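K.L.:
Here is how the chains run, residue by residue.
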Amino acid sequence: MTIWLPLLGLVVGLLLGSIFTLSIPIAYASYLAVAVLAGLDSLLGGWRAILERDFDGSVLVSGFFVNTIIAAALAALGDMIGVDLYLAAVVAFGIRIFHNIGSIRHLLIKKMRAKKAQKDKRLNA
Amino acid sequence: MRTNRNTKSILWMIPLFVVFFCFGLLLMAQYHTHQNENDALVNESSANLAMIIKSANDNKESLQDELALLQQQLAESEELIASGNSLSSSIRNRIANLQTVTGGKQVTGPGVTVTITGESNIMYYDLIDLVNELFASGAEAVSINDTRFTMHTVISEKAVASQSGNTYQQEKYVPLINGKELLYPIVIKAIGDPSTLETGLTYPGGIIESLNSLYMVYPVIRKAENLVIPAAEDYLYHYAAPPESSEEEQTTDTR
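Sequence lines, in order, name chains C and F.
Reminder that position 44 of the first sequence reads as 44 in our numbering, one-by-one numbering, no gaps.
To convert, take the position in the second sequence, counting from 1, and add 125; that gives our numbering.
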């Protein structure tokens, strides 16, 4: 049951975001995009940590906020100094996201296999 | 033990909830921003831009048509207003004309003066004839001794005892205008074409000749360039009033 609580949070967030049609000036759109990528990366990292039984709420929350803010700030800095740090952030977070998803996939498969092995063991016994 | 685990798991979920919630907000913000960005012209493809330009042009054309229509309406309205102005100015002109006819206003213009001195033996009907002849010759305004001659002007006479020491009470008739005695010299002013007015009086067999020959009255006629004929006193109507219902009819008639 409790597994739905974070998803409920996501749904509530999406609903509120669409009800109040949050948007920022187009000039800052790329910063927000990088921030969203960072947030997604943090979420996936959190999921992986759960699967690895290494989850820490403070690490997740701090990571989420710090990563999003730093990502946006880096993109802004890049704009200021004329270096596309925005792209670097996109690439970095993209790689991390794929990495996290891969880890999650591996962990899930491992978990499923373990479960299956346990089941087979029980049946054999 | 179990409740403990449950509460623990709920506590464990709170950061996740917060993060998911914030992520949802971020995602929606980015979504809307991206939508806005998509709506921006910079990000449109050239085909879309062409479409947008075309629709904008169509819109512009229809708006121009509307503008032309509205400008036409404006011009029509202005014309209406202007015609209203000309209507009121024509009414004003008409009122001014009527005032020259009725003697409501002082008038100036060229004309003739007819001066009759005291020793002449003029009678009131001679004055009437003179005024009549002046009007017949095209006089537009006439005054006698600075009394404007209007349709309410009455020329009459009254008999006064002559000042002579004669035992016979000789009566002398003095002409009156509106009941007031006319003092000599009697000056008749008439505004109109001076030469026409003069000829109207002095043609052979005309009024001056008959006055000269029959009554020994020798009026002096002088052309004048700039005569001033004063306004008549207001006449108060007590009985005659225009019928209210036919007022509209009259205005349409005057048009």
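The set of hints was computed from the structure by calculation and includes no laboratory data.
Please note that the accuracy of each hint is not assured.
Some chain C residues near chain F, calculated using beta-carbon distances under 10 Å [claimed, not checked]:
(1) Leu10
(2) Val12
(3) Gly13
(4) Ala29
(5) Val36
(6) Gly39
(7) Ser42
(8) Thr68
(9) Ile70
(10) Ala73
(11) Leu74
(12) Leu77
Here are some, though not all, of the chain C residues that point toward chain F, as calculated from beta-carbon distances under 7 Å [claimed, not checked]:
(13) Leu14
(14) Ser18
(15) Leu22
(16) Leu32
(17) Leu43
(18) Leu60
(19) Ser62
(20) Val66
(21) Gly78
(22) Met80
(23) Ile81
(24) Gly82
(25) Tyr86
(26) His99
Covered by chain C, per the in silico footprint, the following chain F stretches (three or more residues, Cβ under 8 Å) [to be verified]:
(27) 136-143
(28) 264-273
Computed from a prediction, not measured in an experiment: that's the story for all the values here.
The C-beta atom is built at its ideal place from N, Cα and C for all residues, glycine as well.
K.L.:
Look at each hint and say if it fits the structure.
P.N.:
Hint-by-hint comparison with the structure:
About 4 Å separates the beta-carbon of Leu10 of chain C from the nearest beta-carbon of chain F, less than 10 Å, and the hint is met. Hint status for Val12 of chain C relative to chain F: holds, with the closest Cβ pair at about 6 Å, below 10 Å. Annotation: Gly13 of chain C was flagged as interfacial toward chain F, and the flag holds, the nearest CB pair being 2 Å apart, inside 10 Å. Taken as an interface hint, Ala29 of chain C checks out: its beta carbon lies about 5 Å from the nearest beta carbon of chain F, inside 10 Å.
Evaluation of the Val36 of chain C hint against chain F yields a held restraint, the C-beta minimum of about 5 Å falling below 10 Å. About 5 Å separates the beta-carbon of Gly39 of chain C from the nearest beta-carbon of chain F, less than 10 Å, and the hint is met. Interface hint status for Ser42 of chain C: upheld, as the beta-carbon distance to the closest one in chain F is roughly 7 Å, under 10 Å. Annotation: interface hint on Thr68 of chain C holds; nearest CB of chain F at approximately 7 Å, less than 10 Å.
Annotation: Ile70 of chain C was flagged as interfacial toward chain F, and the flag is violated, the nearest CB pair being 14 Å apart, outside 10 Å. Checking Ala73 of chain C against chain F: minimum C-beta separation of about 15 Å lies over 10 Å; hint violated. Annotation: Leu74 of chain C was flagged as interfacial toward chain F, and the flag is violated, the nearest CB pair being 16 Å apart, outside 10 Å. Taking 10 Å as the C-beta cut-off, the interface hint given for Leu77 of chain C is violated, the closest approach to chain F being about 20 Å.
Interface restraint check for Leu14 of chain C: the shortest CB-CB distance to chain F comes to about 4 Å, inside 7 Å, so the restraint holds. The criterion of a C-beta within 7 Å of any C-beta in chain F is met by Ser18 of chain C, whose closest approach is roughly 5 Å, and the hint holds. A cut of 7 Å between beta carbons decides the hint on Leu22 of chain C: the least distance to chain F is about 4 Å, and the hint holds. At its closest, the beta carbon of Leu32 of chain C sits 5 Å from a beta carbon of chain F; the interface hint therefore holds under the 7 Å criterion.
For Leu43 of chain C, the interface hint holds, since its Cβ comes within 7 Å of a Cβ in chain F; the closest pair sits about 6 Å apart. For the restraint placing Leu60 of chain C at the interface with chain F, the shortest Cβ-Cβ distance is roughly 5 Å, inside the 7 Å limit, so the hint holds. Interface hint at Ser62 of chain C: violated, since its Cβ lies 9 Å from the closest Cβ of chain F, which is beyond the 7 Å cut-off. At its closest, the beta carbon of Val66 of chain C sits 12 Å from a beta carbon of chain F; the interface hint therefore is violated under the 7 Å criterion.
Taking 7 Å as the C-beta cut-off, the interface hint given for Gly78 of chain C is violated, the closest approach to chain F being about 18 Å. Hint status for Met80 of chain C relative to chain F: violated, with the closest Cβ pair at about 20 Å, above 7 Å. For Ile81 of chain C, the interface hint is violated, since its Cβ never comes within 7 Å of a Cβ in chain F; the closest pair sits about 23 Å apart. Using the Cβ-Cβ criterion of 7 Å, the hint placing Gly82 of chain C at the interface with chain F is not satisfied: the shortest such distance is roughly 20 Å.
Here the hint on Tyr86 of chain C is broken, as its CB sits about 14 Å from the closest CB of chain F, past 7 Å. Taking 7 Å as the C-beta contact cut-off toward chain F, the hint placing His99 of chain C at the interface is violated, the least distance being around 18 Å. A count of 8 residues in the stretch 136-143 of chain F with a Cβ less than 8 Å from any Cβ of chain C is obtained; the coverage claim is therefore met, three being the minimum. Coverage of the stretch 264-273 of chain F by chain C is violated [criterion: at least 3 residues with CB-CB distance below 8 Å; count 0].
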